[in-house]
Amino acid sequence: MFQIEFDNDTVVGIDLGTTNSLVAYMNLTRPEVIPGDDGDKLVPSIVSFMSNGEIVVGNKARQELIDHPDRTIYSVKRLMGRGIADVQDELKLFPFRIADDSESIIRVLLGDKTFTPPEISAFILRQLKQNAEQALGQPVTKAVITVPAYFNDAQRQATRDAGRIAGLDVLRLVNEPTAAALAYGLDKRQEGIIAVYDLGGGTFDISILKLHEGIFEVLATNGDTHLGGDDIDNRLLKIALEDLQSEWGEDLSHVGEAVQTLRLEIIRVKESLSFLPIAHIDFAWHGKQYHREVTRELFENLIKDIVDRTLGPCRSCMKDADVTPEQIDEVVLVGGSTRIPLVRSAVEVLFRAKPHTELNPDEVVALGAAVQAGILAGTVENQLLLDVTPLSLGIEIAGGVVSKIIHRNSTIPASASETFTTGVDGQTNVLIHVVQGEREMAKDCRSLLRFDLKDIAPMPAGMPRIDVRFLIDANGILNVTARDARTGKEQSIDVQPSYGLTLEQIEKICDEAIEHGEEDLLAAQAALARVDADGILLAVEKAKKNDAWLDLTDAERGQVDDAIRQLQTVYHTDDHQAIRDKIDVLNEATHKLAENMMNTAVGGALKGTKI
Amino acid sequence: MNYFEVFEIPPALALDLKDLETRFYALSRKLHPDLRRNPAERAEAEEATAILNDAYRTLRDPIKRSEYLLKLEGFDIGEQTSKDVPPELLEEVFELNMAIEDADVQQLESARQKFEGMCGEIDDEMHRDFDRWDQTHNREALTAVRGLLNRRKYITNLIEKANVPDRV
Numbered sequence: 001m002f003q004i005e006f007d008n009d010t011v012v013g014i015d016l017g018t019t020n021s022l023v024a025y026m027n028l029t030r031p032e033v034i035p036g037d038d039g040d041k042l043v044p045s046i047v048s049f050m051s052n053g054e055i056v057v058g059n060k061a062r063q064e065l066i067d068h069p070d071r072t073i074y075s076v077k078r079l080m081g082r083g084i085a086d087v088q089d090e091l092k093l094f095p096f097r098i099a100d101d102s103e104s105i106i107r108v109l110l111g112d113k114t115f116t117p118p119e120i121s122a123f124i125l126r127q128l129k130q131n132a133e134q135a136l137g138q139p140v141t142k143a144v145i146t147v148p149a150y151f152n153d154a155q156r157q158a159t160r161d162a163g164r165i166a167g168l169d170v171l172r173l174v175n176e177p178t179a180a181a182l183a184y185g186l187d188k189r190q191e192g193i194i195a196v197y198d199l200g201g202g203t204f205d206i207s208i209l210k211l212h213e214g215i216f217e218v219l220a221t222n223g224d225t226h227l228g229g230d231d232i233d234n235r236l237l238k239i240a241l242e243d244l245q246s247e248w249g250e251d252l253s254h255v256g257e258a259v260q261t262l263r264l265e266i267i268r269v270k271e272s273l274s275f276l277p278i279a280h281i282d283f284a285w286h287g288k289q290y291h292r293e294v295t296r297e298l299f300e301n302l303i304k305d306i307v308d309r310t311l312g313p314c315r316s317c318m319k320d321a322d323v324t325p326e327q328i329d330e331v332v333l334v335g336g337s338t339r340i341p342l343v344r345s346a347v348e349v350l351f352r353a354k355p356h357t358e359l360n361p362d363e364v365v366a367l368g369a370a371v372q373a374g375i376l377a378g379t380v381e382n383q384l385l386l387d388v389t390p391l392s393l394g395i396e397i398a399g400g401v402v403s404k405i406i407h408r409n410s411t412i413p414a415s416a417s418e419t420f421t422t423g424v425d426g427q428t429n430v431l432i433h434v435v436q437g438e439r440e441m442a443k444d445c446r447s448l449l450r451f452d453l454k455d456i457a458p459m460p461a462g463m464p465r466i467d468v469r470f471l472i473d474a475n476g477i478l479n480v481t482a483r484d485a486r487t488g489k490e491q492s493i494d495v496q497p498s499y500g501l502t503l504e505q506i507e508k509i510c511d512e513a514i515e516h517g518e519e520d521l522l523a524a525q526a527a528l529a530r531v532d533a534d535g536i537l538l539a540v541e542k543a544k545k546n547d548a549w550l551d552l553t554d555a556e557r558g559q560v561d562d563a564i565r566q567l568q569t570v571y572h573t574d575d576h577q578a579i580r581d582k583i584d585v586l587n588e589a590t591h592k593l594a595e596n597m598m599n600t601a602v603g604g605a606l607k608g609t610k611i
Numbered sequence: 001m002n003y004f005e006v007f008e009i010p011p012a013l014a015l016d017l018k019d020l021e022t023r024f025y026a027l028s029r030k031l032h033p034d035l036r037r038n039p040a041e042r043a044e045a046e047e048a049t050a051i052l053n054d055a056y057r058t059l060r061d062p063i064k065r066s067e068y069l070l071k072l073e074g075f076d077i078g079e080q081t082s083k084d085v086p087p088e089l090l091e092e093v094f095e096l097n098m099a100i101e102d103a104d105v106q107q108l109e110s111a112r113q114k115f116e117g118m119c120g121e122i123d124d125e126m127h128r129d130f131d132r133w134d135q136t137h138n139r140e141a142l143t144a145v146r147g148l149l150n151r152r153k154y155i156t157n158l159i160e161k162a163n164v165p166d167r168v
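Note that the protein sequences, when read in sequence, are chains A and B.
In terms of the numbering used here, the first sequence has 457 at position 457, counting the first letter as 1, and numbering is strictly consecutive.
In terms of the numbering used here, the second sequence has 20 at position 20, counting the first letter as 1, and numbering is strictly consecutive.
Bear in mind the hints are in silico, worked out from the structure with no lab data behind them.
Any given hint could be a false lead.
Stated by the list, open to error - In silico lysine to any residue, SDA-like type, Cα no more than 20 angstroms apart, as pairs:
| # | chain 1 | residue 1 | chain 2 | residue 2 |
| --- | --- | --- | --- | --- |
| 1 | A | Lys210 | B | Ala26 |
| 2 | B | Lys18 | A | Leu550 |
| 3 | A | Lys210 | B | Leu20 |
| 4 | B | Lys18 | A | Gly192 |
| 5 | A | Lys404 | B | Asp61 |
| 6 | B | Lys30 | A | Asn382 |
| 7 | A | Lys544 | B | Ala43 |
| 8 | A | Lys319 | B | Thr156 |
| 9 | B | Lys30 | A | Glu381 |
| 10 | A | Lys319 | B | Ile63 |
| 11 | A | Lys210 | B | Glu21 |
| 12 | A | Lys592 | A | Leu550 |
| 13 | A | Lys544 | B | Lys153 |
| 14 | A | Lys319 | B | Arg60 |
| 15 | A | Lys319 | B | Glu47 |
| 16 | B | Lys30 | A | His407 |
| 17 | B | Lys64 | A | His407 |
| 18 | A | Lys404 | B | Glu67 |
| 19 | B | Lys153 | A | His407 |
| 20 | A | Lys319 | B | Asp61 |
| 21 | A | Lys210 | B | Lys153 |
| 22 | A | Lys404 | B | Ile63 |
| 23 | B | Lys30 | A | Ser392 |
| 24 | B | Lys18 | A | Asn234 |
| 25 | A | Lys544 | B | Arg42 |
| 26 | B | Lys64 | A | Ser392 |
| 27 | A | Lys489 | B | Glu47 |
| 28 | A | Lys542 | B | Pro39 |
| 29 | B | Lys18 | A | Ser410 |
None of these values were measured; they are calculated from a predicted model.
Just chain A, with the same shape it has in the complex (with noise of 0.2 angstroms):
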């Protein structure tokens, strides 16, 4: 009989941030931030590719931002999931140089090479993985990352791709505001209603939630992704480039040195504002010296409509979540521009509550993370999250129209169904394309994909019925299948994303880093897919048992158990391609006792349920 290896080794939690990533994990029943080499548990999410080839990450990078701004980059997670035409206005502001290239994926130019942004942030999560290595003293190769809550389908997508470029099986995605409610919620009130007011480096998210019993139930999110910390920074950026320009007489704006050194010095300047009344710009610049005073009443000034761009969504999410200001018990903090103070009368003012600031706004989002982590790998009991989906999933219909088939703040994993037919006699294939927003019109909304139903038989106008399914997983990502309603055959579709990387392209990424000498991936891609092995091993062994398994011909059962036995004879070799293509070959030869026993699952799962 085949033996399954389940693998114990810790799971981490990851914030991967606009400004700084942290590591985390469950440490006894405590969850703790593990620091890098240097002592600091904040990396700076820094990436710099040195002329010697060697790659960069966090406080080493941060020098190179300044001595080689163009093989240096920063706050990369404001280019996930994006394509081009969206990150013009992040062009005008941030030194990201984009390869012509550049169409439903991001290049950036980094000295002579280009990368997406998923292979950048995954050098920053494979930095945060060595930490921890070393730390634990043990292999990681299992991680739980967070997101803004308002992230989309495409932004979850680069995500979870970073991670997996990075050799990381992503457990799960939890979004940052959730996370943070969990980290305060471990020895904190079970009963009540408590907002979450996440203002990070490049996003904002506002998450209410309902505890329960360990239970902790998000009820609405809100949020935008293009606001943050970064944006207060460029404020003052611009007003110190405006006084050299007039000073000076030079437009230093498109110097990336000068830029780059004057923007650590204002984030200086920001930081002490929220301790002192006034504060200093003093920046030197080829034996010039530029030196301004900023009164706090001056920086507020500046910064208030961007805090007010804050409470726009928190009204919504309060209205979404039907509470009044009254009702929330209690507001939390998250995110270094909290600090500001203010963000934080800002907020009292709205909640008409005093926000917690007991842990580091730093660092709650990873430990949070790492309570998931905890309760995904067994080791947390007890504590159960339940998020949302921030935006609405729709068909783009006749007329250019959205039809919504998931709204917003439904709790996931959510689904829906919809049955599609053909418009002309003899058609065979239906073209579907899936939006994310809250807008009327398709064109306004974030196109996800779209997707062919393909080879329907041919058939008068109307007759054949396709039923598609639309699931939002647990990551708040979408998978889609497809069935021929009269002959409950499996309906093949050939789904092209609008943004990010195939699979594909994940794979060659991956394949890429190998022939750079990195075989420590190598081995943890083989190490995944033996994971991926275990699983529909584990499944068919079980399935066996079940009638389902006794339905199947001769023949079909011959074949199973062929498929079984090629699988093993891979799935100790190195070969990741391999063992992979062996899951393929038994997942085809398993499809009809899946399904059979999937059904059965569902109904079966439900019905033993006893309250």
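Got chain A; can you put chain B on it based on the hints?
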């Protein structure tokens, strides 16, 4: 399995939402994919939980719940045609529409209040029909609910229209 069976409760138009929530939490703890270690079990749990969540979303909302129950009971609640709507209502809606087009902000606000009042009356009447069906399973009550749902849809559309200016 229908959504009422998911929660192991008899089909009803009026539901105790606190009880439904208690059942939802208990079932979530039983079915949720996060509490499964094995990938294959997790996939099954994800399917089961999706159905549970869909069921909860439908049943906790009185409008979605009654539409769902009508469908279960064989009523066609798909696309409405104007023949479903009594002519006097169409006339009423037409007049209200006209009123909205010519209205200033103050008139819009009073129109909105009027529509919300109408909506409240519909809801009261609907809840009486909910109880009537739950107690007697008399199909006439369902027919009445269906008519009220149609009427309500027209009114809520009007409320949305009257709301537009303060959204801009």
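For each hint, the structure was consulted:
1. A:Lys210 - B:Ala26: Between A:Lys210 and B:Ala26 the Cα gap is close to 15 angstroms, so the pair holds against 20 angstroms.
2. B:Lys18 - A:Leu550: Judged against 20 angstroms, a Cα distance of about 43 angstroms means the pair is violated.
3. A:Lys210 - B:Leu20: With a Cα-Cα distance of about 15 angstroms, the restraint between A:Lys210 and B:Leu20 holds, given a limit of 20 angstroms.
4. B:Lys18 - A:Gly192: Holds - the C-alpha atoms of A:Gly192 and B:Lys18 are around 15 angstroms apart, at most 20 angstroms.
5. A:Lys404 - B:Asp61: Within the cut-off at roughly 17 angstroms; holds.
6. B:Lys30 - A:Asn382: Given pair B:Lys30, A:Asn382 holds - Cα atoms ~11 angstroms apart, limit 20 angstroms.
7. A:Lys544 - B:Ala43: Roughly 17 angstroms separates the two Cα atoms, so the pair holds.
8. A:Lys319 - B:Thr156: Since the Cα atoms of A:Lys319 and B:Thr156 sit roughly 17 angstroms apart, the hinted pair holds (cutoff 20 angstroms).
9. B:Lys30 - A:Glu381: Holds, because 13 angstroms separates the two Cα atoms, which is no more than 20 angstroms.
10. A:Lys319 - B:Ile63: Given that 20 angstroms is the threshold and the Cα spacing comes to 18 angstroms, the pair holds.
11. A:Lys210 - B:Glu21: Satisfied, since the Cα-Cα distance of roughly 12 angstroms is no more than 20 angstroms.
12. A:Lys592 - A:Leu550: Within the cut-off at roughly 12 angstroms; holds.
13. A:Lys544 - B:Lys153: violated, 50 angstroms
14. A:Lys319 - B:Arg60: Satisfied, since the Cα-Cα distance of roughly 17 angstroms is no more than 20 angstroms.
15. A:Lys319 - B:Glu47: Not OK: A:Lys319 and B:Glu47 at ~29 angstroms, beyond 20 angstroms, violated.
16. B:Lys30 - A:His407: violated, 25 angstroms
17. B:Lys64 - A:His407: holds, 13 angstroms
18. A:Lys404 - B:Glu67: holds, 17 angstroms
19. B:Lys153 - A:His407: holds, 18 angstroms
20. A:Lys319 - B:Asp61: Roughly 15 angstroms between the alpha carbons, so the hint for A:Lys319 and B:Asp61 holds.
21. A:Lys210 - B:Lys153: violated, 30 angstroms
22. A:Lys404 - B:Ile63: With a Cα-Cα distance of about 17 angstroms, the restraint between A:Lys404 and B:Ile63 holds, given a limit of 20 angstroms.
23. B:Lys30 - A:Ser392: violated, 27 angstroms
24. B:Lys18 - A:Asn234: violated, 49 angstroms
25. A:Lys544 - B:Arg42: holds, 18 angstroms
26. B:Lys64 - A:Ser392: holds, 17 angstroms
27. A:Lys489 - B:Glu47: Roughly 19 angstroms between the alpha carbons, so the hint for A:Lys489 and B:Glu47 holds.
28. A:Lys542 - B:Pro39: Distance ~13 angstroms between A:Lys542 and B:Pro39 Cα, so the pair holds.
29. B:Lys18 - A:Ser410: The given pair, whose Cα atoms are some 19 angstroms apart, holds under the 20 angstroms limit.
Of the hints listed earlier, those the structure fails to meet are numbers 2, 13, 15, 16, 21, 23 and 24, in rising order.
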